[in-house]
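K.L.:
The chain contents come next:
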Amino acid sequence: MDLISNIPSGPIDKKWESHKFDMKLVNPANKRKYHVLVVGSGLAGASAAATMSELGYQVSCFCFQDSPRRAHSIAAQGGINAAKNYQNDGDSVQRLFYDTVKGGDFRAREANVYRLAEISVNIIDQCVAQGVPFAREYGGLLANRSFGGAQVSRTFYARGQTGQQLLLGAYQALEKEIAKGGVRMYTRTEMLDLIVVDGQARGIVTRNLVSGAMETHLADAVVLATGGYGNVFYLSTNARGSNTTAIWRAYKRGAAFGNPCYTQIHPTCIPQSGDYQSKLTLMSESLRNDGRVWVPQSPGEKRPPHQIPEAERDYYLERKYPSFGNLSPRDIASRAAKEACDSGRGVGPGGLGVYLDFRDAINRVGRDKIEERYGNLFQMYQRITDEDPYAVPMRIYPAVHYTMGGLWVDYNLMSTIPGLHVLGEANFSDHGANRLGASALMQGLADGYFVIPYTIGHYLASRKFAPVAPDHPEVRATERAVEERLRRLVGIPGKRTVQSFHRELGKVMWDKCGMARDAEGLQRAVSQIQGLREEFWENVNVPGSGAELNQSLEQAGRVADFLELGELMCRDALHREESCGGHFRTEHQTADGEALRNDEQFTYVAAWEHAGDGQAPILNKEPLTFENVHLATRSYK
Amino acid sequence: MPTPDEARSPASRVRRFWDSSVGKKVVMAVTGIIGIGFVLGHMAGNLQMFKGAGAAQAMHDYAVLLRSTGGLLYVMRGILVGAIVLHVTAALQLTARNRAARPVPYAKRTPQVSTLASRTMRYGGVLLMAFIVFHIADMTLGIGVPGFRHLDPYNNLRNGFTRWWAVLFYVLAMLSLGFHLFHGAWASLRTLGARRPSAAPLHRNMAVAIAVVTAAGLVAVPIAAVLGLFRDDMPVSEAMSTARAGAPGITPAGAAAIGTASAAASVPRA
Amino acid sequence: MNLTLRVWRQAGPAAAGQFVEYPVRDISTEMSFLEMLDVVNEQLTEQGDAPIAFDHDCREGICGMCSLMIDGVAHGPMQATTTCQLHMRSFRDGDSITVEPWRAQAFPVLRDLCVDRTAFDRIVQAGGFVSITTGNAPDGNAIAIPKPDADAAMDAAACIGCGACVAACPNGSASLFTAAKISHLGHLPQGQPERYRRALRMVAQMDLETFGGCTLFGECQAACPKEISIDTIARMNRDYIFGAAFEQEESRAGGAG
Ligand SMILES: Cc1cc2nc3c(=O)[nH]c(=O)nc-3n(C[C@H](O)[C@H](O)[C@H](O)COP(=O)(O)OP(=O)(O)OC[C@H]3O[C@@H](n4cnc5c(N)ncnc54)[C@H](O)[C@@H]3O)c2cc1C
Ligand code: HEM
Ligand code: FES
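Chains as they are written, first to last, in the numbering used here: chain A, 1 to 637; chain B, 1 to 270; chain C, 1 to 257.
It should be emphasised that the hints constitute simulated quantities derived from the structure, not laboratory data.
Any given hint could be a false lead.
[Unchecked claim] Here are the computed distance ranges between Cβ atoms for each label pair:
| no. | chain 1 | residue 1 | chain 2 | residue 2 | range |
| --- | --- | --- | --- | --- | --- |
| 1 | A | 137 | C | 92 | 45 to 51 angstroms |
| 2 | A | 487 | C | 12 | 19 to 25 angstroms |
| 3 | C | 20 | B | 216 | 49 to 55 angstroms |
[Said to hold, decoys possible] Which bits of chain C does chain B cover? Going by a derived footprint, with three or more residues having C-beta under 8 angstroms, they are:
| no. | region |
| --- | --- |
| 4 | 63 to 74 |
| 5 | 98 to 106 |
| 6 | 165 to 172 |
| 7 | 197 to 206 |
| 8 | 210 to 218 |
| 9 | 227 to 237 |
[Said to hold, decoys possible] Straight-line C-alpha distance at most 25 angstroms; calculated SDA-like pairs for lysine to any residue:
| no. | chain 1 | residue 1 | chain 2 | residue 2 |
| --- | --- | --- | --- | --- |
| 10 | A | 15 | C | 135 |
| 11 | A | 20 | C | 135 |
| 12 | A | 369 | A | 305 |
| 13 | A | 495 | C | 39 |
| 14 | A | 495 | C | 9 |
All C-beta atoms, glycine included, are put in the ideal place defined by N, C-alpha and C.
Assemble the whole structure, with the sequences as input and the hints as a guide.
P.N.:
So this is what it looks like as structure tokens:
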């Protein structure tokens, strides 16, 4: 497989500009002749669908929830970055670019990241114009907060509901286009396969989740914006429905999967309370602006937090990383929390927790101010734990949060299948081995509002499109494959629930492919997952039929795909004999426990290619070159 | 399935307004406020019953004064009848719409903050409608009032309230009016969008005052009648009335303006 | 703790439904209500029965997907809390809990506890947006917006579109949902050009969808997990009245072409 990244030539700050000029255009009258399918209605999908419709393309948009507004982007709390430098604190496109490349531990493509930083400023303008109620200062101008991994204040936010407000902006733009007839929206519709005709992505097969009806949608190009696959761990901060199905099916039809093992474990989540737990809840990283992270000095401490004197507390982030302190990047903060707990100093049930303490902040700025900043987060915490975070420190623990990996895309966001474009968290692009806080929203919207509207035109204008007949053999074959799979799932006379398989897979992934990984564990995980997969196809119990609203069947299909993806993640983690960002191999660490990269051998994107069921996947490499940022050991000390 | 485009109906502005749930509710609020104005004025007029000596004359003079306004009385009557027709029509149509909006009821429903008053607007409204019909027949037309005499509201009231069931119905109706206004006086300003946002939007101090004052003021008369507080007053003199009609101070303070309106429903005297 | 659930079961949109009782044992108070239903569903599946269909996704109170009328209260007994965030510590051992879907003509039941809420999307389609296209926005700080306005807009914009307002309203009215969007955009300078047109069109669509009218019961505000105030409804009515009186008819000649 050839990985052609299509990075434009020229100096980095001119690449996108000149690329925009070099790309072919579709003339306005011809745009409506092209039909584009957008799968996903999160920040990436909704913004892409709305913008392409504004340009004149015919768009169909799909989501599995009952409304596009419910995509998981809605849950993002903390904020969105942009290099506006409104705070006059030395921010710039260059600095955001640098921070992102460094934050990603030098495993991202420079050109993409630079473009992202450039576009970031337009996103804020766009969202403000849509009526996104960003936080403001008394003077009426936009407010900013700080986020991990940055020493400037460049994060824009709307209380603790930034993702919600940004998504509602994109959703409203989408609804506006639906009303105009430019977009046809298919809600409660799940993509189950990709149709590839003559090597080009030309359609998808979906299932109507209400009636169970299978539908085939043919078009000229397909855009996947289906979000992340963190739910492979069963417990994560993702929504219950978040899944890998769309990108996994595309992978199996020939799209390369980039860096599947790069997973972000978020340091500040509410610890698990029991086996029945169905998801983990994030407490926004913005809390680390004012909260101080600590554990007791001595293992096995039994006293309640307020009785532990200052001298017997270990503010370990401030101690180990004095210049970034509590705002160290996520991978570092998570690992530090794990270390603290591994050393027996964890707090709360099972010792799996550290304190996030607001006492000092409340004393400094007053309870009112803290309430204004984080009121809804505190409320959420209290609702879940029944503890008052104004009075006792929060207990937090890392949890799976984001997947930097995803389908490999070129500079135009096109996968290795021509016509198949991938946006948002579903692609592998801009964050390397670790994503900085408040950068996913930025990337999703950059992809959707400002990149794909240009690059899709280039793709469409560069080719000829013969109409695909609905009874084309490839179409029929794909439909049959989907039907067959669904029939198989409901036909297995098994005993175990889908959820029990998912839970078990999650445990394997968390233990062996989580915050710390090693070769032996990963090898074991691969065979465990293979065994679990076999058992699944013999012993899963999916009640009901395919011709009705059947949530067990939906879940079964997703878990079946996770059971395949999990293995690929472990294989990727196993092959990457270094530690970088969210990928920490215990064999590769410095004397003081920091990640040890191996730039000589691993400065590349691992793009895995499907070689057929039961075959080992093929590893392709896209070498990464760093011309504008110096490859250096990441230090936040 | 309704699409947004159907939302643009070709009908006229007024028609569209009336057809919308918000428009209809606005009509209810405006007509309701007209009603409140009337009821307050009417109540003030009624309270002249408590003037003691000369009360009968005062009530008579007041009735005559209202008739001396010429066409204005009929304009006011027209407005009130129109308001009632609109209020009731809108009430019926909205109720039908609201019922249709939930064809399958809940097996269990536990109201959280809605007041009994708000939940009984419809039933209270029916009682009020019945009362209005009864009241006009009773005190305006004099049907069934022992010894009914035109332009002698004092004695008509006194006599009318010798019937225990009339007292009972009257008291019940007025309490239900108080209830109706406890919600209505608060709601109408919000319906009209005339309230500023508040931290506790469900609080309703002014509405409580209006509701209590109207209910108490209107109930006072039949209660007093039962307690025998209204003695036989001097017979009413026509001559005096014309002489005193224009004199200031006869109508209770503040009632003069709304007093006209109160006559329009022609409830007690005429 | 042990509970008895009385759950509405309905096989499909056209099927007749009925309540079915399920005894539930050994529930931890730390579970969320939906996690409790997960446990019930796993048991039902293992017994070979159809699990209870209910909508949910984020499970952190923000996507608006979860619903449920719990003992006659939308989203259950806890104030300002969605069902997914409601924990079993709000109930007592031995309780019998009635669980029903949202009920409204405009929200037909799809299966068991799942209802179709696409009417909300169509209300937004009628005007719940700012008509700008991507790429022609002025600088984000070009227009200063007083903080109180931005805050008021945010208060209204917090709506998650779950439909609890409709479910809780004795009239099945969508006024709070519609008013929240009208208020959100109406508080911002960006929302002004279409302010009255928006109110007219969204209210018209709300009526077309067969929602009831507003009697200002206040139940919607009490049920709203985001505590959106019925003050927004006063604002919606004001904009509607103003629009009905003064908004110009759209020119038949259209725009510049
Ligand atoms: C709790 C939480 C907090 C976060 N906070 C922040 C933050 O503060 N700042 C930040 O920058 N990032 C944050 N993130 C990350 C960020 O929110 C996500 O990465 C981003 O929103 C993903 O957007 P997306 O458009 O790619 O996908 P999503 O928003 O996940 O959308 C996926 C869409 O695809 C659809 N879909 C999926 N599969 C299928 C299928 N098979 N068929 C049909 N449709 C399908 C779904 O219906 C949905 O519409 C947070 C993430 C979480 C989980
Ligand atoms: C004649 C019989 C009457 C009927 C059938 C009736 C019915 C109703 C109903 C059903 C409502 C609630 C409407 C809704 O929100 O859905 C209402 C509201 C109201 N009514 Fe009446 N009513 C009657 C008489 C009166 C009278 C006599 C008054 C005044 C003295 C009055 C004042 C009001 C007011 C102020 C409201 C509140 C309007 C609002 O909510 O904005 N009504 N009425
Ligand atoms: S599941 Fe998302 S709000 Fe409850």
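K.L.:
For every hint, state whether the structure bears it out.
P.N.:
A quick look at each hint next to the structure:
About 47 angstroms separates the C-beta atoms of residue 137 (chain A) and residue 92 (chain C), a value consistent with the hinted range of 45 to 51 angstroms. In this structure the hint that residue 487 (chain A) and residue 12 (chain C) lie 19 to 25 angstroms apart at CB holds, the actual value being about 20 angstroms. For residue 20 (chain C) and residue 216 (chain B), the Cβ-Cβ distance of about 52 angstroms falls inside the hinted range of 49 to 55 angstroms, so the restraint holds. Coverage of the region 63 to 74 of chain C by chain B holds in this model, with 4 residues showing a Cβ closer than 8 angstroms to a Cβ of that chain against a need of three.
Chain B is given as covering the region 98 to 106 of chain C, and this holds because 6 residues of the stretch bring a CB closer than 8 angstroms to a CB of that chain, at least three being needed. With a threshold of 8 angstroms between beta carbons, the proposed coverage of the region 165 to 172 of chain C by chain B holds, since 4 of its residues qualify and at least three are required. With a threshold of 8 angstroms between beta carbons, the proposed coverage of the region 197 to 206 of chain C by chain B holds, since 5 of its residues qualify and at least three are required. Restraint check on the region 210 to 218 of chain C versus chain B: 9 residues with Cβ-Cβ distances below 8 angstroms, three needed, restraint holds.
Counting residues of the region 227 to 237 of chain C whose C-beta sits closer than 8 angstroms to any C-beta of chain B gives 8, which meets the bar of three, so the coverage hint holds. As the CA atoms of residue 15 (chain A) and residue 135 (chain C) are separated by approximately 19 angstroms, the hinted pair is consistent with the 25 angstroms bound. Proximity of residue 20 (chain A) to residue 135 (chain C) is assessed by CA-CA distance (about 14 angstroms); at most 25 angstroms being required, the pair is judged to hold. Restraint check: the Cα-Cα separation between residue 369 (chain A) and residue 305 (chain A) comes to about 23 angstroms, which is no more than 25 angstroms; the hinted pair holds.
Taken as a hint, the residue 495 (chain A) and residue 39 (chain C) pair is honoured in the structure, with Cα atoms around 16 angstroms apart against an allowance of 25 angstroms. Restraint check: the Cα-Cα separation between residue 495 (chain A) and residue 9 (chain C) comes to about 24 angstroms, which is no more than 25 angstroms; the hinted pair holds.
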